[in-house]
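Asks: Listed below, chain by chain, are the residues.
Number of protein chains: 2
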Amino acid sequence: MQFTSEQRLDDGVLEREFTLGEIPGILWTPASAPAPLILLGHPPLGLRKMYPRLVARARHSAADGFATATIELPGSGDRPRLPAAEQALADLRRAMEAGEPVSDEIIDALILPLVDKAVPEWQAALDALLSLPEIGGPVGYSGGVISIGIRLAVVEPRISAAGLFAGSFVPRAMFEEARQVTIPLHVLLQWDDEGNDRQVALDLFDAFGSKEKTLHANMGGHTGVPQFAGDDAAQFFTRHLK
Amino acid sequence: MQFTSEQRLDDGVLEREFTLGEIPGILWTPASAPAPLILLGHPPLGLRKMYPRLVARARHSAADGFATATIELPGSGDRPRLPAAEQALADLRRAMEAGEPVSDEIIDALILPLVDKAVPEWQAALDALLSLPEIGGPVGYSGGVISIGIRLAVVEPRISAAGLFAGSFVPRAMFEEARQVTIPLHVLLQWDDEGNDRQVALDLFDAFGSKEKTLHANMGGHTGVPQFAGDDAAQFFTRHLK
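Chains as they are written, first to last, in this note's numbering: chain A, -11 to 230; chain B, -11 to 230.
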């Protein structure tokens, strides 16, 4: 892990860009150290595009005493494209524009290779981040592609709690993995999410094996998550990581 | 409204029993006055039996700066029985013990007369409570028989926000009333509630006309609401009544 830039934000949060091999990432740390860590998931739109929302989440978490970090997803930003996923995305768009149902094959081709490639990268990032003296204590995962969160919750024992956003296409195979999740979960659902089948989201919530799992459903579309929903998620992490 | 007893609880909350005509009730006020008011709904099991849970909710609310009050429901406690509701309750128990579905007729007979009789009583209590100098500001309604909460939210303009518990039988007619609700709602659902059909609860949540409505679903049965769910509800009221 190599730090490539460093700036102090006006609220005292230290923001550092880094590379992990060829993968770019960003680490935010609060003044109080060592701090527990929340990994910030995000949709595969590229870190640069996602930066405003990521830094807002990072500041909010820092105010609660958490360090946060994120890395570029495979195929996003300046990283090499994933040709199979690009093809699946084109198929998905075509299906949605034609008003056709999105087939399981398209969803599998879009999501499963992304999960297979991304999860070991997040684990490698975790290795590097946890070796820093300013990071300590338990780790949470928050948001982003829900299937990446599910796989991480199953395979990565250092993650103690996860806040998931029921807002992306979920391969059927992930339902089986969801049954194996046992860590506390906080699941956010936008009730009228145009890109998300509500019943699938409810079925997925039902499938999670965790004894403590909470569903917070709010009104509005995919990007309409109300401010107070973020506050509730913050309290979930404070309860489990502090 | 006649106060019949008064005691100061160890956390400084003033607890006063009162009668409103023939209806007994309890008022809890925090040290800071005037305070906004939350009406504490409860199942029709009698105030005496419900007292431990009610006083816990009252103390929690007082710590957040709220006054709380509750009244005995028609047919409960020492109040005269409602013969039609008693018959419906016997029919309900017989159906449940026999493992039969509970018919719409039984649910209507159990709930609708209770709502019709209880709601004007809560409104009369509100008249009396809002005339006290130690009560001021907006009013919330919390918990109890959800159909009473729905009707109150529709007919009582002084109630600005409601926290409802999706945990009781709901007559089909109440779905129509739910569509007329416009105040902010915080709906609690116990995912594995043995006495509550999950799909009916989700459909009811969907039916509410409110632009701001949030569903919080937690694991466990009817009485297994986790502590943090109470904290989330408290924040909802703080957001809307302060």
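These are computed hints drawn from the structure, not numbers from a lab.
Nothing here was measured: the structure is a model prediction, and the numbers come from that model.
Errors might be hidden in some of the hints.
As the list claims (entries may be wrong) - Covered by chain A, per the in silico footprint, the following chain B stretches (three or more residues, Cβ under 8 Å):
hint, region
1, 28 to 37
2, 211 to 220
Unchecked claim - For each label pair, taking beta carbons as the anchor points, the in silico distance ranges come out as:
hint, chain 1, residue 1, chain 2, residue 2, range
3, B, Gly218, A, Glu5, 50 to 58 Å
4, B, Asp219, A, Ala83, 40 to 48 Å
5, A, His48, B, Pro126, 25 to 33 Å
6, A, Asp(-1), B, Pro126, 46 to 54 Å
Claimed, not checked - Sample of chain A residues facing chain B (criterion: CB under 8 Å; computed from the structure):
hint, residue
7, Tyr39
8, Glu144
9, Arg146
10, Glu200
11, His204
12, Ala205
13, Asn206
14, Met207
15, Leu229
16, Lys230
Ideal Cβ placement from N, Cα and C applies to all residues, glycine included.
Asks: Any hints this thing doesn't respect? Which numbers, in order?
Replies: Of the numbered hints, 1, 3, 6, 7, 8, 9, 15 and 16 do not hold.
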